[in-house]
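Chains as they are written, first to last, in the numbering used here: chain X, 1 to 111; chain E, 1 to 338; chain W, 1 to 361.
It should be emphasised that the hints constitute simulated quantities derived from the structure, not laboratory data.
No false leads were mixed into what you were given.
Listed below are the simulated EDC-like cross-link pairs for lysine to aspartate or glutamate, each with C-alpha atoms no more than 20 Å apart in a straight line:
id	chain 1	residue 1	chain 2	residue 2
1	W	K185	E	E228
2	W	K181	E	E115
3	E	K162	W	E112
4	W	K155	W	D302
5	W	K155	W	E202
6	E	K240	X	D17
7	W	K240	X	D17
8	E	K184	X	E28
9	E	K46	E	E208
10	W	K181	E	E161
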Amino acid sequence: MSGLRFGYGINRPRAIDIDSNDLRKSNEILREMPELQTCIGCGSCTASCTAGNLTEFNFRRVHTLVRRGEYRSAYEEMNKCMLCGKCRLVCPRGINTRGVAMLIKRKLGDF
Amino acid sequence: MKPKVVIAGGGAAGMAVALRLERLGVEPVIVEREERLGGKVRGWHKLFPTFTPAAEVLDPLVAQIGRRGIECRTGAAVEALSEHGVKLASGQTIEADAVVVATGFTLFDARRKEEYGYGIYDNVVTSADLERMMNEGAVRLADGSTPRRIALLHCVGSRDEKVCQRHCSKVCCITGVKQAIELKKMFPEADVFNFYMDIRMFGAGYEELYREAQQSYNIHFVRGRISEASPMINGRIQIKAEDTLTGRPLRMSIDMLVLLAGMRANDDNAALAASAGLALAPNGFMQSADPFLGAVRSPRRGIFYAGAVTAPKSLADTLAEASLTADAVMDYLNSVQR
Amino acid sequence: MRRSSWQDYQKEIADDKYYYARSCIRQNFFPGSEKAFLDIIRNDLGRDVKDDPLHTSCTGIGYHADVVPFETIMTVVARQFALMGEAGYENFISSCITSFGIYTEILNTWEEFPETEERTREYLYKATGRELVKPRTLAHTSDIVFHFRDSIAGKMRRPLINVYTGRPLRVVEHIGCHYAKIFPKSGIGGSEFPYVLAGMIESWGGEVVDYPERRHCCGFGFRNYLVQANRGYSIANSQKKLESMAPYRPDFIVANCPGCAMFLDKWQYAIAEMEGTIYGADGHGIPVLTYEEMAGLVLGYDPWQLGMQMHQVDVEPLLDKMGVEYDPAAKYLGQDGKYIGKPERTVVNDGCQGSIYDMKR
Numbered sequence: 001m002s003g004l005r006f007g008y009g010i011n012r013p014r015a016i017d018i019d020s021n022d023l024r025k026s027n028e029i030l031r032e033m034p035e036l037q038t039c040i041g042c043g044s045c046t047a048s049c050t051a052g053n054l055t056e057f058n059f060r061r062v063h064t065l066v067r068r069g070e071y072r073s074a075y076e077e078m079n080k081c082m083l084c085g086k087c088r089l090v091c092p093r094g095i096n097t098r099g100v101a102m103l104i105k106r107k108l109g110d111f
Numbered sequence: 001m002k003p004k005v006v007i008a009g010g011g012a013a014g015m016a017v018a019l020r021l022e023r024l025g026v027e028p029v030i031v032e033r034e035e036r037l038g039g040k041v042r043g044w045h046k047l048f049p050t051f052t053p054a055a056e057v058l059d060p061l062v063a064q065i066g067r068r069g070i071e072c073r074t075g076a077a078v079e080a081l082s083e084h085g086v087k088l089a090s091g092q093t094i095e096a097d098a099v100v101v102a103t104g105f106t107l108f109d110a111r112r113k114e115e116y117g118y119g120i121y122d123n124v125v126t127s128a129d130l131e132r133m134m135n136e137g138a139v140r141l142a143d144g145s146t147p148r149r150i151a152l153l154h155c156v157g158s159r160d161e162k163v164c165q166r167h168c169s170k171v172c173c174i175t176g177v178k179q180a181i182e183l184k185k186m187f188p189e190a191d192v193f194n195f196y197m198d199i200r201m202f203g204a205g206y207e208e209l210y211r212e213a214q215q216s217y218n219i220h221f222v223r224g225r226i227s228e229a230s231p232m233i234n235g236r237i238q239i240k241a242e243d244t245l246t247g248r249p250l251r252m253s254i255d256m257l258v259l260l261a262g263m264r265a266n267d268d269n270a271a272l273a274a275s276a277g278l279a280l281a282p283n284g285f286m287q288s289a290d291p292f293l294g295a296v297r298s299p300r301r302g303i304f305y306a307g308a309v310t311a312p313k314s315l316a317d318t319l320a321e322a323s324l325t326a327d328a329v330m331d332y333l334n335s336v337q338r
Numbered sequence: 001m002r003r004s005s006w007q008d009y010q011k012e013i014a015d016d017k018y019y020y021a022r023s024c025i026r027q028n029f030f031p032g033s034e035k036a037f038l039d040i041i042r043n044d045l046g047r048d049v050k051d052d053p054l055h056t057s058c059t060g061i062g063y064h065a066d067v068v069p070f071e072t073i074m075t076v077v078a079r080q081f082a083l084m085g086e087a088g089y090e091n092f093i094s095s096c097i098t099s100f101g102i103y104t105e106i107l108n109t110w111e112e113f114p115e116t117e118e119r120t121r122e123y124l125y126k127a128t129g130r131e132l133v134k135p136r137t138l139a140h141t142s143d144i145v146f147h148f149r150d151s152i153a154g155k156m157r158r159p160l161i162n163v164y165t166g167r168p169l170r171v172v173e174h175i176g177c178h179y180a181k182i183f184p185k186s187g188i189g190g191s192e193f194p195y196v197l198a199g200m201i202e203s204w205g206g207e208v209v210d211y212p213e214r215r216h217c218c219g220f221g222f223r224n225y226l227v228q229a230n231r232g233y234s235i236a237n238s239q240k241k242l243e244s245m246a247p248y249r250p251d252f253i254v255a256n257c258p259g260c261a262m263f264l265d266k267w268q269y270a271i272a273e274m275e276g277t278i279y280g281a282d283g284h285g286i287p288v289l290t291y292e293e294m295a296g297l298v299l300g301y302d303p304w305q306l307g308m309q310m311h312q313v314d315v316e317p318l319l320d321k322m323g324v325e326y327d328p329a330a331k332y333l334g335q336d337g338k339y340i341g342k343p344e345r346t347v348v349n350d351g352c353q354g355s356i357y358d359m360k361r
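So that you can see chain X by itself, here it is in the shape it has in the complex (with noise of 0.2 Å):
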């Protein structure tokens, strides 16, 4: 509805809220790739990363947003990823990244 007009409007929560995001998607990558679970958070990928390093691509915090159920513009994200395979080269914990990079696009290519 429109109603009267201020001159400012009402900031929509920033939060991810755990509640109201739908899971499923994040459950079943999870459940086709469990070690990326195990990611740690050290940055290796994004470091290397070809695309990142020249435009605003993140992988950890893509697959960190996707993990939380976060998938907005998350194919469009991993549609930037070269493909090159430097990520999964420097993974300390050995997770296929160039794999998860697909999956993503496979499984959220709607949002």
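Given the coordinates of chain X, work out where chains E and W should sit on it, guided by the hints.
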């Protein structure tokens, strides 16, 4: 005549020192504040990182103390000490040739972190409460139902200047991982979250268990400290934190909040230290003579330390240290007898 | 609600002889509240309180909006204290939470950094010729009402009971951030479980509602709402609270801070007009009271004498629930009986969208 050594504290540290000294030809006397031996481990269910039942470690210690006929004064608190013995709260004194202080630590009172509502809201429990519930064979919510979502919060009463506890309590990280796995085994359908500031997996097998918790048990780890817990209309608890790895605030409702309560220095450390001319570390724990070469010695000859009275320690570290303490006591006894 | 911790946080509250510092903004938004406080303290409780026309704003709004430097505000505050000393009082009480926070902060600053007190003393003397006298006790006026809550209960004419159901009224209490979040020991019950308003509610028969966003700020924040461009997140804070409390169906909100009471009241109007959302029952906003108004109603004061016609959210549904007898025709008559004008219809009071267009015309 055998030399006599008084050991203040009948927990794991005190018992292990007593047993070792007895083997080495000393007459140990344990003075324990509680009515029973065992200390903090007595309330514990299973031990990290192997899920060994705590009783499997504790019971043999207690049994051996009985079998070897080691004298135990339970229900007696040490009020003052010197290298020549201790004075009990009852006014009684026990003379000895050396004294070991193994009085351990105090569990941080989680009520002091008021924002989590421990003692006010149902289903906010401490790690110690959870162990007790597991010992009693029933982990459930106040209304008898089973939890569907559980959060464990690390560093409650540790690394926190607001409650004058700057130090790391060392064992809570791995306890959080252990308890998360236990909860997940009990409630496979439940989502289990760990909220942490850092994960400090210092011991053998700890990091491996952490990884297993993530990969095999799908336990979520969120790097961020819960800022408050509040009651919800449906009886659940709302928690807020920052998911620092995404840079966004995060909130969710949970059924149970487990506060990983830290280890703090005993309130009577200061009085004990003053009575014997000992020193306290800035965090209130007893200060050893030297962190490398004199970790189990006090600055005063004839007074020794064992276990968590000098710093937060795991049970494994405590038991290992007990032998060092006994060894140092023997060196001292031999030197003064000569 | 179990509030086991509130007794740990106590402070000395004087029993009599107060020097009263008013708020800058309350007389616009809740114009009867300060008068009600003075009447209750003097007439109902027989205490001595000095309402001194010489005192000024504490300049807190300017301070928090970055236009008044700390040295200046310390000197202004020192002058208020000097006036208290000159009037022969030593118990300083403040009507405003912002001011209370500032007095607390400055007294603590002087304690921790004695050189700042000496400098302020000098500035004050040079500027006004007055001598700084520090108060023996400092309290917020809600502390004073809390202190006398049982005496007030003894004189109670209308408890916080729903006369239709006989059940306690459900009350949301909101504490101004600067009451105890900066110095938890300065507030009754500390910062997490403040008891200052809850104690009044419980003493007078009501039931306190604890809800998830109870501790959240109302969003006032000075420079934040002062700048129009920032109001979107200012109002969002109040909205967050209102959404969180609405499921509990509170009968009213009571606040102890001028800004909070104003925001929780006026933002309900703004949200209703902007988005059509109304948080109270029956298409009506949740009435927002000051604690003086709450005490006044409990003691049998006339709601229009308390200034409750100036609320954005109409209070009549609450008055009816409490069994308050009032003259609807007298609502918009001023103290002298003259018609003071009537607000346009609003969504928050009428629950209908039509009013929006009435207003636009």
